[in-house]
Amino acid sequence: MAEVLIFVDHVDGAVRKPTLELLTLARRIGDPVAVALGNGAADTQAALAEHGAVKVLTHEAAEYADYLVVPKVDALQAAYEAVSPAAVLVPSSAEGKEIAARLALRIKSGVITDAVDLEVADGTLVATQSVFAASYTTKSTVMTGTPVITVKPNSAAVESAPAAGAVEALTVSFSEQATGTKVTSRTPRESTGRPDLTEAAIVVSGGRGVNGADNFAIIEALADSLGAAVGASRAAVDAGWYPHSNQVGQTGKSVSPQLYIASGISGAIQHRAGMQTSKTIVAINKDAEAPIFDLVDYGIVGDLFDVVPALTDEVKARKG
Amino acid sequence: MSLRIVVTVKYVPDATGDRHFADDLTLDRDDVDGLLSELDEYAVEQALQISENSDDDVEITVLTVGPEDARDALRKALSMGADKAIHVEDDDLHGTDAIGTSLALAKAIEKAGYDLVISGMASTDGAAGIVPALVAERLGVPQVTLLSEVAVADGKVTGRRDGDTASEQLEAQLPAVVSVTDQSGEARYPSFKGIMAAKKKPVESWDLDDLDIEAEQVGLAGAWTKVASADERPARTAGTIVKDEGEGAKQLAEFLAGQKFICTSHVPVPRPNSL
Chain A
1 MAEVLIFVDH
11 VDGAVRKPTL
21 ELLTLARRIG
31 DPVAVALGNG
41 AADTQAALAE
51 HGAVKVLTHE
61 AAEYADYLVV
71 PKVDALQAAY
81 EAVSPAAVLV
91 PSSAEGKEIA
101 ARLALRIKSG
111 VITDAVDLEV
121 ADGTLVATQS
131 VFAASYTTKS
141 TVMTGTPVIT
151 VKPNSAAVES
161 APAAGAVEAL
171 TVSFSEQATG
181 TKVTSRTPRE
191 STGRPDLTEA
201 AIVVSGGRGV
211 NGADNFAIIE
221 ALADSLGAAV
231 GASRAAVDAG
241 WYPHSNQVGQ
251 TGKSVSPQLY
261 IASGISGAIQ
271 HRAGMQTSKT
281 IVAINKDAEA
291 PIFDLVDYGI
301 VGDLFDVVPA
311 LTDEVKARKG
Chain B
321 MSLRIVVTVK
331 YVPDATGDRH
341 FADDLTLDRD
351 DVDGLLSELD
361 EYAVEQALQI
371 SENSDDDVEI
381 TVLTVGPEDA
391 RDALRKALSM
401 GADKAIHVED
411 DDLHGTDAIG
421 TSLALAKAIE
431 KAGYDLVISG
441 MASTDGAAGI
451 VPALVAERLG
461 VPQVTLLSEV
471 AVADGKVTGR
481 RDGDTASEQL
491 EAQLPAVVSV
501 TDQSGEARYP
511 SFKGIMAAKK
521 KPVESWDLDD
531 LDIEAEQVGL
541 AGAWTKVASA
551 DERPARTAGT
561 IVKDEGEGAK
571 QLAEFLAGQK
581 FICTSHVPVP
591 RPNSL
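So the sequence lines, in the order shown, correspond to chains A and B. Residue numbers for the first sequence follow our numbering, beginning at 1 and rising by one. Residue numbers for the second sequence follow our numbering, beginning at 321 and rising by one.
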């Protein structure tokens, strides 16, 4: 069976959820071979094997943390040359897309980014994308070389499918470009204890209607009652009410959770571009004419300062 | 000392318009107005600020690869304060993918001469955000991408990159390719004087011959990827909309429970950055 190379996104050995989703998709194409790099690479083995990796190629070197992107491209290229896979899959993070693109250029292969689904049709790998603020669904194929595809978080279910996950050391020689961009310091993002925005199954977002940084506490309370991540519209971020790292939209993050709750968000195209592929959409807004109501599965025309806290109480009560 | 900055910009369809695909599954440009990609305005702004903060003689060239109308995007950048513009235009470029676009940009950047390339973090239409990395790979120079702060001094570029899990300070020797996010600083509006001055600034036009690119390396036929189908997403079926008369939260909770969003055993809630 053909092998499929998967780039592992992990933090000191803890595999991030989008990589496990990739393993589910990879099994449709062939045998997943995972590539884990940097500090804690070997510690990824158990999670990767549990979710279907037949092999885990690891390499630890200081370069992965000390220099930007290129060392990882060099390593993925070494893995590609060692394995000759049928496809290369990479999580659609900002870094993942850059790694995929540079690899594709080097191995003279087409690259598709932000796929939301993968299938094999008549022996060809077909990637589904959602484009133009999710107003179109496209299906694309790679015409040249080996498909290199980045896949958005929440595009597949994480499935347990135990496999051997045999660890093998990968041999990597770094290119001259590898040390071009030095990381002179790194500050880990402070954990809020909430799920990561792009990975979360539920996102609760606030917008202009929240009307103040302090008022975001009621959005956070609802999010916490549901185990959700907190998002914000551009208006709320530009007003300084919530950090840019939580911005959902065209110039922020694109999310695709199972449930998206928009509170006090009118639904400008900028925002819709970042959340329109959410499976279920709920909106709470005073303005019955707000365009967000065109997208919803369930909408409440009402004051978010009444509805959101009451909803939080309802959720807590139901959970007991 | 002098510093040559090339800012790459894209002419994109207005996202507030109705964007469609043409019969050949490329963007239907007749259907919607185009403009300078908003995210590229931040790149122009950072080039201008680097110039303003520099003791060196700085020359800012804006570069685009695109159809005839893309000249509008160049004019906007010139009216903001860039010095000159290059328009790579050729009928054979129609339908070029990101890999082909990076080829045209890299060849044009080399021909123009550069110490620093600045791009927006992504286009607002394709939104992949891979062209700056591809251009760096082709030029063989450092990529210092997705910066929310950028500075140039002593032949080095430094900046801050805010990632999912950490914020990083980066440093590279020039020449380098930089991309900047919408957090790098609000882009200025062109002044009337800027708009008038832009009319007199030089705009060079180069075609594929000028860049030693063969027609089959770019365009729809030369693309390494192919869009096989593009289907307009069916309009969502109208949802339930309820006016809150005191019972709104209860009704919504009922809906969420019905969809199994409240029962924790049915909704896997991932913890941050780990299993």
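Quick caveat, the hints were computed from the structure, so don't treat them as lab data. Idealized CB from N, CA, C, for every residue including glycine. There may be inaccurate statements among the hints.
If you want a taste of the chain A side facing chain B, the calculated C-beta under 7 Å gives, among others [stated by the list, open to error]:
1) Ala-46
2) Gly-110
3) Thr-128
4) Phe-216
5) Glu-220
6) Arg-318
Result set (DSS-like, lysine-lysine): computed pairs, CA atoms no more than 27 Å apart in a straight line [unchecked claim]:
7) A:Lys-316 x B:Lys-520
8) A:Lys-279 x B:Lys-476
9) B:Lys-404 x B:Lys-476
10) B:Lys-513 x B:Lys-431
11) B:Lys-546 x A:Lys-108
12) A:Lys-139 x A:Lys-108
13) B:Lys-520 x A:Lys-319
14) B:Lys-570 x B:Lys-431
15) B:Lys-546 x B:Lys-521
16) B:Lys-431 x A:Lys-108
17) A:Lys-316 x B:Lys-513
18) A:Lys-286 x B:Lys-520
19) B:Lys-521 x A:Lys-279
20) A:Lys-319 x B:Lys-431
21) B:Lys-580 x B:Lys-404
22) A:Lys-139 x B:Lys-431
23) B:Lys-404 x B:Lys-546
24) B:Lys-580 x B:Lys-570
25) A:Lys-286 x B:Lys-519
26) A:Lys-279 x B:Lys-563
27) B:Lys-404 x B:Lys-521
28) B:Lys-570 x A:Lys-316
29) B:Lys-431 x B:Lys-476
30) A:Lys-139 x A:Lys-279
31) A:Lys-182 x B:Lys-563
32) A:Lys-182 x A:Lys-139
33) A:Lys-279 x A:Lys-319
Hint check results:
no.: 1; hint: Ala-46; verdict: violated (9 Å)
no.: 2; hint: Gly-110; verdict: holds (3 Å)
no.: 3; hint: Thr-128; verdict: violated (10 Å)
no.: 4; hint: Phe-216; verdict: violated (18 Å)
no.: 5; hint: Glu-220; verdict: violated (15 Å)
no.: 6; hint: Arg-318; verdict: holds (5 Å)
no.: 7; hint: A:Lys-316 x B:Lys-520; verdict: violated (65 Å)
no.: 8; hint: A:Lys-279 x B:Lys-476; verdict: violated (46 Å)
no.: 9; hint: B:Lys-404 x B:Lys-476; verdict: holds (24 Å)
no.: 10; hint: B:Lys-513 x B:Lys-431; verdict: violated (30 Å)
no.: 11; hint: B:Lys-546 x A:Lys-108; verdict: holds (15 Å)
no.: 12; hint: A:Lys-139 x A:Lys-108; verdict: holds (21 Å)
no.: 13; hint: B:Lys-520 x A:Lys-319; verdict: violated (68 Å)
no.: 14; hint: B:Lys-570 x B:Lys-431; verdict: violated (65 Å)
no.: 15; hint: B:Lys-546 x B:Lys-521; verdict: violated (38 Å)
no.: 16; hint: B:Lys-431 x A:Lys-108; verdict: holds (23 Å)
no.: 17; hint: A:Lys-316 x B:Lys-513; verdict: violated (60 Å)
no.: 18; hint: A:Lys-286 x B:Lys-520; verdict: violated (50 Å)
no.: 19; hint: B:Lys-521 x A:Lys-279; verdict: violated (49 Å)
no.: 20; hint: A:Lys-319 x B:Lys-431; verdict: violated (65 Å)
no.: 21; hint: B:Lys-580 x B:Lys-404; verdict: violated (58 Å)
no.: 22; hint: A:Lys-139 x B:Lys-431; verdict: violated (36 Å)
no.: 23; hint: B:Lys-404 x B:Lys-546; verdict: violated (35 Å)
no.: 24; hint: B:Lys-580 x B:Lys-570; verdict: holds (15 Å)
no.: 25; hint: A:Lys-286 x B:Lys-519; verdict: violated (47 Å)
no.: 26; hint: A:Lys-279 x B:Lys-563; verdict: holds (23 Å)
no.: 27; hint: B:Lys-404 x B:Lys-521; verdict: holds (6 Å)
no.: 28; hint: B:Lys-570 x A:Lys-316; verdict: holds (12 Å)
no.: 29; hint: B:Lys-431 x B:Lys-476; verdict: holds (22 Å)
no.: 30; hint: A:Lys-139 x A:Lys-279; verdict: holds (19 Å)
no.: 31; hint: A:Lys-182 x B:Lys-563; verdict: violated (55 Å)
no.: 32; hint: A:Lys-182 x A:Lys-139; verdict: violated (38 Å)
no.: 33; hint: A:Lys-279 x A:Lys-319; verdict: holds (22 Å)
Violated hints, listed in ascending order, are 1, 3, 4, 5, 7, 8, 10, 13, 14, 15, 17, 18, 19, 20, 21, 22, 23, 25, 31 and 32; each of the other numbered hints is respected by the structure.
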